[in-house]
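Chemist: Spelled out, the chains give:
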Amino acid sequence: MKKNNLIIAVSVFSTALLFACAEAPKKEEVTEEVVLEEVEEIEDESADLMLPSPIQIASIFNRSGLTYNGELPNSPDAVSNYNTKTKKYLNFGVYSADMAYSVLNKKQQESIDYLAAIKKLSDETGMDAIFSTGNMVERFEKNIGTQDSIMRILTEIKIKTDSYLEENKEQAKMAIFFTGAWVEGMYLGTKSASGNEMVKDRVLEQMNILKNLIPALRAQSDETFDLTEVANQLEAINTFYQSVATEDAEGYATINPDDMIELTKKIEALRSNIVSA
Amino acid sequence: MKKIVQILGIFVLFIAVTAAGNKRVSNGSCSNTEAKIKAIDSLDTYFYASSKISSINYTYKTSVKEVEVPLFKGEKYRMVFNRQDLPKNVEVEIYDKSRESDGRTLLYSSKTEGNGSTILTYEPKKAKNLFINYVIPPAQGSDETGCMVFVLGYQLTFVKNN
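Residue numbers (the UniProt record's numbering), protein chains in the order written: chain A, 1 to 277; chain B, 1 to 162.
The following block holds chain A by itself, in its conformation from the complex (with noise of 0.2 Å):
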């Protein structure tokens, strides 16, 4: 009996010498890797880009001296008309916007409906789980008349879409939603930058990002999408700012004011193309 435990003792001992082998680097590989790490590697691949918060970017627009308009922004309304996958994702985008855009102005209604018109949105295009948690709706409402408060709302439907995107590897969708928002932004900031140079400092800021955001948006793997002319529209924004822009003493992106007007209509365009059936 002895010697059978001891035959099972061994038998286990290796086994579990087995796993450790498979699972832990081999000394010698080590030794041999720590040589060749002498010269650094550089990945062959373009750099990430971080995509900025468009709540924050609503943010600076406000304290830039942003006015409200009522006119400008999508009409909720519209939100039915949205029929297709590319455009329910571009104005799920183009509604945070605006969301941003009147909490920061403290339009109370708007605001509510606009909270509507991205839920609707988000559960036609299966992501019904962004609100399906927290009593998200009710707390807004609830909270409607408190700006902090319905600025951390904000920022936790923020937080849920990034993390639903990331844990269904959808990552990538990211850039679909930051377009719509980007052109609306880009949208009520250069219709209102018109003799607020403030404004229009802030809406040069923002070109910075095209060079990156074109990439991430042609580079979207799901061939059901239809990005294309979003895509191209928004090269030529770019390819128009880049021949005009120059620096100032500082550093900072200026533009004479005639291209400044042909910057707002190249946008324009491009928005009435995104917001429109």
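Hints were generated in silico from the structure; no laboratory data involved.
Keep in mind that the hints are not guaranteed to be accurate.
[What the hints assert, rightly or not] Chain B is faced by these chain A residues, among others (derived, beta-carbon under 8 Å):
#, residue
1, Ala47
2, Asp48
3, Leu49
4, Ser53
5, Gln56
6, Ser59
7, Arg63
8, Gln147
9, Met151
10, Glu205
11, Asn208
12, Ile209
13, Asn212
[Stated by the list, open to error] Which stretches of chain B does chain A cover? Using the computed rule of at least three CB atoms under 8 Å from a CB of chain A, they are:
#, segment
14, 39 to 51
15, 61 to 67
16, 70 to 80
17, 145 to 155
Even glycine gets a Cβ: it sits at the ideal position worked out from N, Cα and C.
The hints should help you fit chain B onto chain A, whose structure is shown.
Modeler: Below, chain B alone, put in the same frame as chain A:
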């Protein structure tokens, strides 16, 4: 003898659990919400702006992965990195220019300022586009992967009396 068998049995169980734990990290899936929640907690009073969870692949040589972060003039930011889902520490370096540019300045290095912590934080003095480099050490075995969690926060200020 029975005791030896029991001890070895526990040892095998420990090895198996450890191996399974390693596989969780090395299966290439970067959706660990726990790591992200911890990073968000470290934003403290800063508002969450966005996150970037990068899949880290350890190759036979040291390699670098770059992330560009657009920051806006006059804004205050906090960057948080959580390295808990990495089998081996990846060093974080932050530069003012991309790796393709000449004369870039190193603004932060976890090697000198991180104290070996799993969670790293950095608050840029001047808000402008920054370039984060993940310096990935060589693999010690085959097929080693992990996840780097990066969360960006910003200081939100409101316009009064608008």
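Chemist: Hint compliance check: list the failing hint numbers for this structure, sorted ascending.
Modeler: none
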